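Student: With the hints as your guide, set chain X onto chain L.
Given next are the chains, with one letter for each unit.
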Amino acid sequence: MDSSKAIYKALKDNNINFIVSVPCVNLAKVLELIDSDKKIKHVPVTREEEGFGIAAGAYMAGKNTAILMQNSGLGNSINVLASLYKLYRIPILMIISHRGTKGEFMSAQIPMGEATPLLLEALNISYHVPSTPQEAYNDIKSAWKTAKEKMCPAAILLEVSFW
Amino acid sequence: MERIEAIKAIVEQLDDELIICNLGFPSRELYSIKDSPRHFYMLGSMGMASSIGLGLALSQKRKVIVLEGDGSILMNLGSLITIYAQSPKNLILIILDNGCYATTGSQCTYTLQVDLSELARGIGFQKIFKFEKTDEINMKKVLREGGPVIVHVKVEPGNANVPIIDISPEEIISRFMNEI
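Those protein sequence lines, which keep their order, are chains L and X. Once you know that position 98 of the first sequence is 98 in the working numbering, the rest is easy, because the numbers rise by one and skip nothing. Every position in the second sequence, counted from 1, becomes a number in the working numbering once 163 is added.
This is chain L alone, in the form it adopts within the complex (with noise of 0.2 angstroms):
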């Protein structure tokens, strides 16, 4: 399976009908197959704590809700993290391009790329890092899984050798 679609199957499978994102170029194909899915609401935010606020308006209103971005938007959104998300108790599951790890070809990418499980750690956000198409569609499936339960953010860091 193709890593791209594996990530696009799983998001339906598990039902995911409300989408913010801010673009990757390592998320492009999946965001083209979800733009081209009617059945998933697309909205691209200016940055990713928007997207975080416009999610969290969308649970409230019972969507199954996902953001796709890059990891360096995991730092933009820290704060809505803790004292939106956190606070209230609202699932989401995170699909991270995770920059600046094996293989990456952009230097100024390694600072984040390092901090980024840090960050999650800090936040007490569990996350699943698959390593091939079969294994992202089974974390997610796990990964929502654990959102829904236990009401909080869950995450798949999908590194630069996934791809």
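If you are wondering where the hints come from, they were derived from the structure by calculation, not from laboratory data. What you are looking at is a predicted structure, and each value in this text was computed from that prediction instead of being measured. You may find that some hints are simply not true.
Derived DSSO-like pairs (lysine-lysine); straight-line CA-CA distance at most 27 angstroms [as the list claims (entries may be wrong)]:
hint: 1; chain 1: X; residue 1: LYS224; chain 2: L; residue 2: LYS38
hint: 2; chain 1: L; residue 1: LYS9; chain 2: L; residue 2: LYS141
hint: 3; chain 1: L; residue 1: LYS41; chain 2: X; residue 2: LYS197
hint: 4; chain 1: L; residue 1: LYS41; chain 2: X; residue 2: LYS303
hint: 5; chain 1: L; residue 1: LYS39; chain 2: X; residue 2: LYS252
Tutor: This is chain X only, laid out in the frame that chain L set:
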């Protein structure tokens, strides 16, 4: 007009609309005027009121009123762009503009130099209402319009002497979701 008087004038003219209220004193003032499960009181995440309102408006049919502040919209100006582009018919964004960060001690915001109504007009919003400090706030006119609607309300700086909100975050969100 003080902010609490503006909030009172607005909610008195509402029916069963859903309200997303900005954190700090605005939420406390709304809670002291009238509590309802249709109110979502923010307790943190400054800047997110208009975004939560957008997500809610895009996901169900009821009218959504956002009670936003000038300091908090300045923190998330990109939200105005996304609201304009997504253009939900059922969203009314009310910016209570007192020109300061009242909750933290009335430090000035830049809205003393920048007119938020003109900013909204520049983005392309068609339905913009501006109420000056001495104007009567007529919500009937606002509610008749299809959204997205921007309502810019100039108010005096300062906070009313009102107690904190004594409902838990979990209760605020669960009763709100039961109302939708």
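Student: Check whether the Cα positions of LYS224(X) and LYS38(L) lie no farther apart than 27 angstroms.
Tutor: 18 angstroms, holds
Student: Holds or violated: are the alpha carbons of LYS39(L) and LYS252(X) at most 27 angstroms from each other?
Tutor: 20 angstroms, holds
Student: Within 27 angstroms, alpha carbon to alpha carbon, are LYS9(L) and LYS141(L)?
Tutor: 10 angstroms, holds
Student: Given the hint that LYS41(L) pairs with LYS197(X), does the C-alpha gap stay at or below 27 angstroms?
Tutor: Violated: LYS41(L) and LYS197(X) sit about 34 angstroms apart, past 27 angstroms.
Student: Holds or violated: are the alpha carbons of LYS41(L) and LYS303(X) at most 27 angstroms from each other?
Tutor: 31 angstroms, violated
Of the numbered hints stated above, those contradicted by the structure are hints 3, 4, listed in ascending order.
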